[in-house]
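Please put together the full structure from these sequences, using the hints given.
Protein chains: 2
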Amino acid sequence: MSRKMVTIDGNQACTHVAYATSEVITIYPITPSSPMAAEADAKATAKQKNIWGSIPVISQMQSEGGVAGSLHGSLATGALCTTFTASQGLLLMLPNMYKLAGELTPTVFHVTARSLACQGLSIFGDHGDVMSARQTGWAQLCSQNVQEAQDMALISTQATLASRIPFLHFFDGFRTSHEIQKMEQLTNEDMLEMIDEKLITAHRERALTPDRPSMSGTAQNPDVYFTGRETVNKYYNAIPGIVQETMDKFAALTGRQYNLFDYYGAPDATDVVVIMGSGAETVAATIDHLVADGRKVGMVIVRLFRPFDMKAMVNALPSSVERLTVLDRCKEPGAPGDPLYLDVRAAIGEAAEANPTMFMPLVLAGRYGLGSAEFSPAMVKAVYDNMVSMAPKNHFCVGPNDDVTHTSLSYDKSYNIEGDDVYRAMFYGLGSDGTVGANKNTIKIIGTETDNSAQGYFVYDSKKSGSMTVSHLRFGENQVVAPYLINKASFVACHNFTFLNSYDMLANLEDGGTFLLTTTLDKDSVWNELPAKVQQQLIDKNAKFYIIDALKLGIAIGLGARINMIMQTAFFLISGILKKDEAIDAIKTAIKKTYGKKGDKIVNMNYDAVDGAVNNIVEVTLPDNITGHELPETVPAEAPEFVKQVTAKMIEGKGDQIKVSEMPADGRWPTATTQWEKRNIAVNVPEWSPETCIQCGKCSLVCPHGCIRIKVATEDALKTAGANDTFKTADANGKEFKGSKFTVQISSADCAGCTLCSTACPARKKDAEGNKTDESALKMIPNTDAVLKESQANWKTFMALPEMANASINPATVKGSSSSDPCSSSPVPVQAVARPRTSNWLLSCSVTG
Amino acid sequence: MSRKMVTIDGNQACTHVAYATSEVITIYPITPSSPMAAEADAKATAKQKNIWGSIPVISQMQSEGGVAGSLHGSLATGALCTTFTASQGLLLMLPNMYKLAGELTPTVFHVTARSLACQGLSIFGDHGDVMSARQTGWAQLCSQNVQEAQDMALISTQATLASRIPFLHFFDGFRTSHEIQKMEQLTNEDMLEMIDEKLITAHRERALTPDRPSMSGTAQNPDVYFTGRETVNKYYNAIPGIVQETMDKFAALTGRQYNLFDYYGAPDATDVVVIMGSGAETVAATIDHLVADGRKVGMVIVRLFRPFDMKAMVNALPSSVERLTVLDRCKEPGAPGDPLYLDVRAAIGEAAEANPTMFMPLVLAGRYGLGSAEFSPAMVKAVYDNMVSMAPKNHFCVGPNDDVTHTSLSYDKSYNIEGDDVYRAMFYGLGSDGTVGANKNTIKIIGTETDNSAQGYFVYDSKKSGSMTVSHLRFGENQVVAPYLINKASFVACHNFTFLNSYDMLANLEDGGTFLLTTTLDKDSVWNELPAKVQQQLIDKNAKFYIIDALKLGIAIGLGARINMIMQTAFFLISGILKKDEAIDAIKTAIKKTYGKKGDKIVNMNYDAVDGAVNNIVEVTLPDNITGHELPETVPAEAPEFVKQVTAKMIEGKGDQIKVSEMPADGRWPTATTQWEKRNIAVNVPEWSPETCIQCGKCSLVCPHGCIRIKVATEDALKTAGANDTFKTADANGKEFKGSKFTVQISSADCAGCTLCSTACPARKKDAEGNKTDESALKMIPNTDAVLKESQANWKTFMALPEMANASINPATVKGSSSSDPCSSSPVPVQAVARPRTSNWLLSCSVTG
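Protein chains in written order, with the UniProt record's numbering: chain H, 1 to 849; chain B, 1 to 849.
No wet-lab data here; the hints were simulated from the structure.
Treat each hint with caution, since some may be false.
Where chains are identical, the list cannot tell them apart; a pair therefore holds if satisfied intra-copy or between any two copies.
As the list claims (entries may be wrong) - Think about it this way: if two alpha-carbon atoms lie no more than 25 Å apart in a straight line, the pair counts; the simulated DMTMM-like pairs of lysine to aspartate or glutamate are:
id, residue 1, residue 2
1, K440, D41
2, K644, D211
3, K311, E353
4, K234, D402
5, K678, D223
6, K654, D461
7, K311, E322
8, K644, D223
9, K47, E193
10, K234, E641
Being a predicted model, the structure only gives us computed values, none of them experimental.
Rendered as structure tokens:
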């Protein structure tokens, strides 16, 4: 069976092998490894078989500790087992991992290397977790891209059976686990060929069974424990040879040759980086450029990190080496150096002792990419430049701006190595608007339907739904080797008009590049609605500017807000990646494939979307005059200094510009800061009806965003605060409020449009005949500019009203309330109340009712 | 208040400070740290106050994970918190430890460094656990003896408050935690003086409180996480200075000066060891000897392991150094070297780069003392000899005999550095016979009542109750610095006569030393009952030989088997450590102190024990003829090869002679091997009454040791197997056994005398009138030599009887059984059934009833 080219992400690539070569897969989901567990589960549910024809047993445990424990048991019965994990999840497995290694148990754990929670939690990638397992006695094999996430999974699986030492196979979380790449998929025959069945039989024969009883897990006293520990030496000594042999066999089968350590770069390099994981690809791409410029630079890629074969590492170095920089993707504060550095330092030291005539290179240590921090060619160049500088920095970091202990390397942000052989596109979407899904489709179409190599990477923030997503897509005839974000795009698409006020998305557009904007405005009116800065950028960059009213088109076709097919088509047509007809054919083929099962109606609607897009793309000729508005302040001038200096940068997407001195060292942040981030993401917002309201206060109680609040105020207070006609009030209920006014105000800019207030409201509007309707006192209406502006003005008035600290609503006095205890018959969904969005919740509570 | 000299163990020394300087102590017991948790709990129960006058809150959690989590919470509220742990318990704390460090939280965890379970579990000491925490960002401070376990606890407590970085204070499990030493106890005033209250106020002010809200535990995205991690640099940079400053202040207060790294040895040493923990004391004592012999040797003691101050470490080296050996007390298979080695290698490498004219010493790595494996002066000498050998071994181990990968150093077992300034005594007792307790008293008397320095260390094996204990006691006018076992004893006491057949306890007796034996034999008959080898050793060593019938004396006084006071007195009188009258006074004073609360009767009985001992010590003049018996084989000739080669050595107490090639590499052991270890420890054993027995089989079912078994056999079979008159049988019940005989046999040598069989037996003997008595069919009788021999002969006959695989007892046919289901009305204690002692249980079940 010939091999297929597939366009998938690192998790899928790894699971392809992990599932096919396992019998028991015990799982507990943790980001970014969860998709592997989910996919394995889905395959088993679909009754997909492993390469030996059986369906693996998939079990989800109560925690990663349970996963490690149950795998220990399954492995002891002679089963072939695996799991997937990351971060603190891996830490929970450590106690069992020592035992699994000590008992010479073959298994592979696939880890999407992720940060550990320290001053804050990070779901993103670095080597903090896998390094915390380096003392367990596991072998550790690293993949640096999607192809390798598959290949090394297989190499690990065979090597663990051959060596009896468990393998931790890892690749960079998000950067590799979630990057979509076109790659060659191994066949079942490949896997059967690679895995030696005799070794499986041997594993089975070691199983704990009453038929051949043996005893495991004993207590060993001081007389024998140490001797017992020294028995394993020969097994560890054998691993490098076993892994290299397996890699060689794999190369003979697939043509892809890996080595324990691979050298890349100038054969006469004087300056060499040692690195592991996806960062090696960025270094490789940068080396190509630097070598072309005459620089003598190179790199040693670490694949087998444990056991660390010191001699193999030194042998991988060119004899010309004068300076080494070891780059670690983790930080171990208090250590004399980060882990890979310490290993390389020992290797160099021992090599020099073994060969006194050897020139001992200078060895430097650096740290990069923690928590998926960007690691770009510009940073790589800075690392090489540091080596040849007069006073090279040691134990540096590259990325952060360390203005306190001055450990950071400075780098030239404008340095760019990306050439014209690759097409680069960036798409700015709103979380859950379909942009990411559409781009995944695009990547797959190009990967599948053309000879192009393809790459997709997707940046979300932790707010997920409702915040911005940025899709980074690259295509080209040559292999795309660029595990870093695009900063010079041929194409930028904005799927949400309001982003133009918030994010500097044209900064990355290259000269003569294309900008596609979704807007309800037409080509004549759109220009004047753009911010002046955007207008200037379009003109300066000599951009091609297209618009499309995807929302209107989607509604017309019947797809509603699902505009992904429209935007995808627009991209294909404008970019010219494929010829127009080819593109339409390819998209339609993909539609048939994706939606065929759902019936002709869905397929045809999507066909209509494609055809509609073709007819609705409008090119806007750039005027040469700047007519737009100034960009609004990210946070208002009255915000606290910390918010203006730190929080605002994060809101703008420029968090990487925050200096070390500005960040809280202990992870302690000021509270009540979300009030300064006005996201204005609601499509519909509540409108209060004073006539219908029974003044129970549930709307304010239930709002998870603290953006619907109530107060009672005197007429005088209202006047002083500047309440105008649009500021709605009602006569306050209750004797204690006699003569005062009651008001409910909504901050539309903070509202997420969740409708909880409207649903929780127990009041019902009466119709002309006095009969109750379905409408509550809070009706959802479109969040127009006019609504927003009115809301902002009235919110300001509301906040200026005095707090009435000693007053509170007496539930017994609430008109229409059926009980003196508002909770007893409350329609309020409790889970909503239990999920306050950070500090605004407290603020909301402090406002008197 | 002036300071007291106290004679306590490392756990007590540490708890003295940990308790006095804490407000919240959350605990979960794990060996060997449990005594600290227990003592803290006992102090709180006794309402003992901390130095600020409040009683710490002690809470036991559900696991070490819960301890770390709850401490995280308590610390966040501004409390001063601590805990105690070790081994896999520490591993469960790792996820929280990253967060505690990341959030700059001052706390001290006190760890009795212990092995991690790998190929087998070990409850004993090495640095495997603390090394697995070295990447968490905690500071790590190491104590090497009992005095330091107290001193460093205080230094850590102040340093964590000053630096805001949590401290892991550790000392060697068992070797330091359970060693009793005379030391100077800090006063409350000392602790108040050392701890800066301003820092406590600062910690309180950082507490999470709604009065000054701040937010902790946030998620950080790739834009800021890395920058957040770099904020901590300045805190770590400050720690070495803070710790040194604290040590200096401590020195001014107490006169004990510690440094981050301390150098010990010849000022012009060429060969230097780098080491951490109790092993440093063995190295120091050996250095004294080697330097006296003209060797240029020295040592760097590591105290502050994290942060590892590379410059301070290099500065501690004499400029004359040519060779370094870094000794690690842990093994990280697959690493290029063990952790301390990697750190020192980096320090030397960076120092050489900083100063190109520096002579770069050869750096070697070695491993010692895993799982409390002995680390003796002979081994230290081997380490120094290795450095100056023609081809020094690197990455060696010292202790095991690695005949597979040849990593071990050979050493001269007869090398001994102990001088005459110290009195050394060894006591062989049976677990739970009071020997250890008596020796702890002895140490305390000497420590308290004399100016002598004193040390006690106690070796148990994992069988605990019923197995051998060896107490190692040293006293002297000079400080005792010898954290290793005695191999040249002035005094050896044997508290159990049967040990003479099993253990070579006179091997360690020095020439002219004293041997004290508890025996019921008198001075005329005892000689002939000794094994010939023991006789020869006594003669060859020109030993003084004393006996005492402590058991008879104990019974006579009313103390029964509690012979500890008798043996203690005998030791004092024979050894001459104190003058006779002084000794008796001191012991009696101690008795008054210990038992005073229990009333005069108890005190007087113990006084009688002292006086009785004085009168019952008998010196035996050594005959010059060898009349004794040959030592019995440890295991019989028919035992499997593995048992003879490996298990037998462990039974003899010579497990350290087992070679690497002989040990199972994966911790898998053959089953059914306990049958070859005949311990013969039962005082009373069951005797079967065929007349009373109802043949229900419950005795065999309930025996946890598989040493009471039943069979049905024909008369022919009995004859063939060689059954004689002493082989009791009864006519078998049940139609299917008609004409056959039923027998119950007991292996007295395997019996533990637990009485479960006797209790479980439902049958009752009838008296002459035919009335039921209280006696069951299994009566406990003294386990005399005659009983043993008869049992052994009959057991052999029994085992030769054919298995009747298809026959089984039908409960319905059992005479006197009230139910067809023997479980329904069974008097068998179920927990006994549920606790089979390893494999003999299976054997027991396979025998047909």
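Checklist entry - Is the C-alpha distance from K678 to D223 at most 25 Å within one copy, between copies, in both cases, or in neither? => result between (68 Å within a copy, 20 Å between copies)
Checklist entry - Which holds for K47 with E193 at a C-alpha limit of 25 Å: within a copy, between copies, both or neither? => result Answer is within: at 23 Å inside a copy they meet the 25 Å cutoff, but 70 Å across does not.
Next on the checklist: Within a copy, between copies, both or neither: which one fits K234 and D402 at a CA-CA cutoff of 25 Å?
Outcome noted: Answer is between: at 11 Å across copies they meet the 25 Å cutoff, but 45 Å inside does not.
Checklist entry - How would you classify K644 and D223 at a CA-CA limit of 25 Å: within, between, both, or neither? => result between (65 Å within a copy, 17 Å between copies)
Checklist entry - Is it within, between, both or neither when you check K311 against E353 at 25 Å Cα-Cα? => result Classified as both: same-chain Cα gap 12 Å, cross-chain 22 Å, threshold 25 Å.
Checklist entry - Under a CA distance limit of 25 Å, which applies to K234 and E641: within one copy, between copies, both, or neither? => result between (61 Å within a copy, 24 Å between copies)
Item to check | Up to 25 Å CA-CA - E322 versus K311, copy category | outcome: both (18 Å within a copy, 24 Å between copies)
Item to check | Intra/inter-copy verdict for K654 and D461 if alpha-carbon distance must be at most 25 Å | outcome: Result: close within a single copy only, 13 Å intra versus 62 Å inter.
Checklist entry - For K644 vs D211, is the C-alpha pair at or below 25 Å within one copy, between two copies, both, or neither? => result between (72 Å within a copy, 24 Å between copies)
Item to check | Copy assignment of K440 with D41, given that the CA separation must stay at most 25 Å | outcome: Within one copy only: 22 Å inside a chain, 59 Å across chains, cut-off 25 Å.
In this structure, none of the earlier numbered hints is contradicted; all agree with it.
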